[in-house]
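For the record, the sequence lines run as chains A and B.
For the first sequence, position 134 (counting from the first letter as 1) is numbered 134 according to my numbering, and the numbering increases by one without interruption.
To convert, count from 1 in the second sequence and add 1000; that's my numbering.
Heads up, some of the hints might be wrong.
What the hints assert, rightly or not - Some chain B residues close to chain A (C-beta under 10 Å, calculated; not the full set):
id, residue
1, Glu1045
2, Trp1049
3, Val1050
As the list claims (entries may be wrong) - Computed beta-carbon distance windows for the label pairs:
id, chain 1, residue 1, chain 2, residue 2, range
4, A, Thr228, B, Trp1129, 36 to 44 Å
5, A, Lys116, B, Phe1152, 13 to 21 Å
6, A, Glu210, B, Tyr1120, 12 to 20 Å
7, A, Thr144, B, Pro1092, 19 to 27 Å
8, B, Gln1047, A, Gly238, 55 to 63 Å
9, B, Leu1107, A, Thr227, 54 to 62 Å
10, B, Ile1149, A, Asp164, 50 to 58 Å
11, A, Glu47, B, Met1052, 45 to 53 Å
12, A, Thr70, B, Ala1048, 32 to 40 Å
FYI, nobody ran anything at the bench for these hints, they're computed from the structure.
Predicted, not measured: the structure shown is a model, and the values here were computed from it.
Here a beta-carbon is modelled for each residue, glycine too, at the ideal position from N, C-alpha and C.
Take a look at the letters that make up each chain.
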Amino acid sequence: MSTPTLEKSSGAPEAAQSSDDHLITLTMRVRRFNPEVSDEVTWVDYELRMDPKERVLDALHKIKWEIDGTLTFRRSCAHGICGSDAMRINGRNRLACKTLLKDINPEKPITVEPIKGLTVLKDLVVDMEPFFQAYRDVMPFLITKGNEPTRERKQSAEDRERFDDTTKCILCAACTTSCPVFWNDGQYFGPAAIVNAHRFIFDSRDEAGEQRLEILNDREGVWRCRTTFNCTDACPRGIEVTKAIQEVKRALLTRRF
Amino acid sequence: MSAESNSVDLTSSSSQYSVENPAPFIEAARARTKRTPRGGRTNFEMQAWVFMRLSGILLVVLVLGHLLIQLVLDGGVSKIGFAFVAGRWASPFWQVWDLLMLWLAMLHGANGLRTVINDYAERDNTRFWLKMVLYAATVFTVLLGTLVIFTFDPNIQ
Chain A
1 MSTPTLEKSS GAPEAAQSSD DHLITLTMRV RRFNPEVSDE VTWVDYELRM
51 DPKERVLDAL HKIKWEIDGT LTFRRSCAHG ICGSDAMRIN GRNRLACKTL
101 LKDINPEKPI TVEPIKGLTV LKDLVVDMEP FFQAYRDVMP FLITKGNEPT
151 RERKQSAEDR ERFDDTTKCI LCAACTTSCP VFWNDGQYFG PAAIVNAHRF
201 IFDSRDEAGE QRLEILNDRE GVWRCRTTFN CTDACPRGIE VTKAIQEVKR
251 ALLTRRF
Chain B
1001 MSAESNSVDL TSSSSQYSVE NPAPFIEAAR ARTKRTPRGG RTNFEMQAWV
1051 FMRLSGILLV VLVLGHLLIQ LVLDGGVSKI GFAFVAGRWA SPFWQVWDLL
1101 MLWLAMLHGA NGLRTVINDY AERDNTRFWL KMVLYAATVF TVLLGTLVIF
1151 TFDPNIQ
């Protein structure tokens, strides 16, 4: 009782061939570094057969799972929420899990390197500690005076809208590690820390705005920003990072926030 | 043992490091540490930033006006000579104009270069000496220019 359809799929290698048609051959050029074997950095090319609608992260998975298990990179959720897999893809900071292969010209080799300005520990993994140190320095938590209210702290929709953009940050470090000032001087707070300070400075419920502004008034604070807009271009969440930094500068000048 | 570790072999795991003997920690260049000196509670960077904006606006007027007068109006550059300068500096208005332009342009430029040095000089020593050279050149030029504007003698022999 075999139908023609069944006949076809059971019998033919052409069917496998045609299901392979949508795949393309591409080259992933990955910057490899392992301090336990060599001080030298090497660029390694991997030839892959991939669906162009897949993501760079899928290509890295294919390399790690099928070609070279020593390739090291970070990823957790793989869906653009956790911010673990920020890397420099074709010279731009992106999330590997949000970048489709077809969008970055897979006809040429796709270069993948760790984000710049932080110490590379292995392959695509960097030491994020300086980044998180700057984040901790701006006190990214609600600070209030007086007794705790028995109900929730209420806020109008307009007050919430004031800092809505900067609540989207996932701390992937794409902005901070795209900043030329940060590349040259790791003591600069960096865009991400300023964005997260902005989130609380402009929150009507928070009462430590002055303190945070004073921290960002530092020699290594907001005044080192050169408004190159690299951070805004790099942000995978579309946060207007440079605008947020400028708003913090304005708040420092006018003391109104 | 350490000599052997130079050979590149990404496939085999290195036996050199273990839990008891971990790989050395690599410090990032100029990372923020607990020992990093905190800038005091001064507003210097903010004042410098505001100064750049304000002096920039003033300089647009001063410099473009200066260029217009010197190079375009009244026969252009060919008219400039000792007599032309002497005639202009006889008026306090042009003295103030040129003095303001000198001070603002020098401080604006010096502050710009200061930020460039801060951004790009990587070693503390390099940064310090580049800034010292910059400050010396700035002070010298500003003082010399001010001296000339105030002590200019049109009857010099």
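Against the structure, the hints:
no., hint, verdict
1, Glu1045, "holds, 4 Å"
2, Trp1049, "holds, 5 Å"
3, Val1050, "holds, 7 Å"
4, Thr228(A) - Trp1129(B): 36 to 44 Å, "violated, 27 Å"
5, Lys116(A) - Phe1152(B): 13 to 21 Å, "violated, 53 Å"
6, Glu210(A) - Tyr1120(B): 12 to 20 Å, "violated, 33 Å"
7, Thr144(A) - Pro1092(B): 19 to 27 Å, "violated, 58 Å"
8, Gln1047(B) - Gly238(A): 55 to 63 Å, "violated, 34 Å"
9, Leu1107(B) - Thr227(A): 54 to 62 Å, "violated, 21 Å"
10, Ile1149(B) - Asp164(A): 50 to 58 Å, "holds, 54 Å"
11, Glu47(A) - Met1052(B): 45 to 53 Å, "holds, 52 Å"
12, Thr70(A) - Ala1048(B): 32 to 40 Å, "violated, 49 Å"
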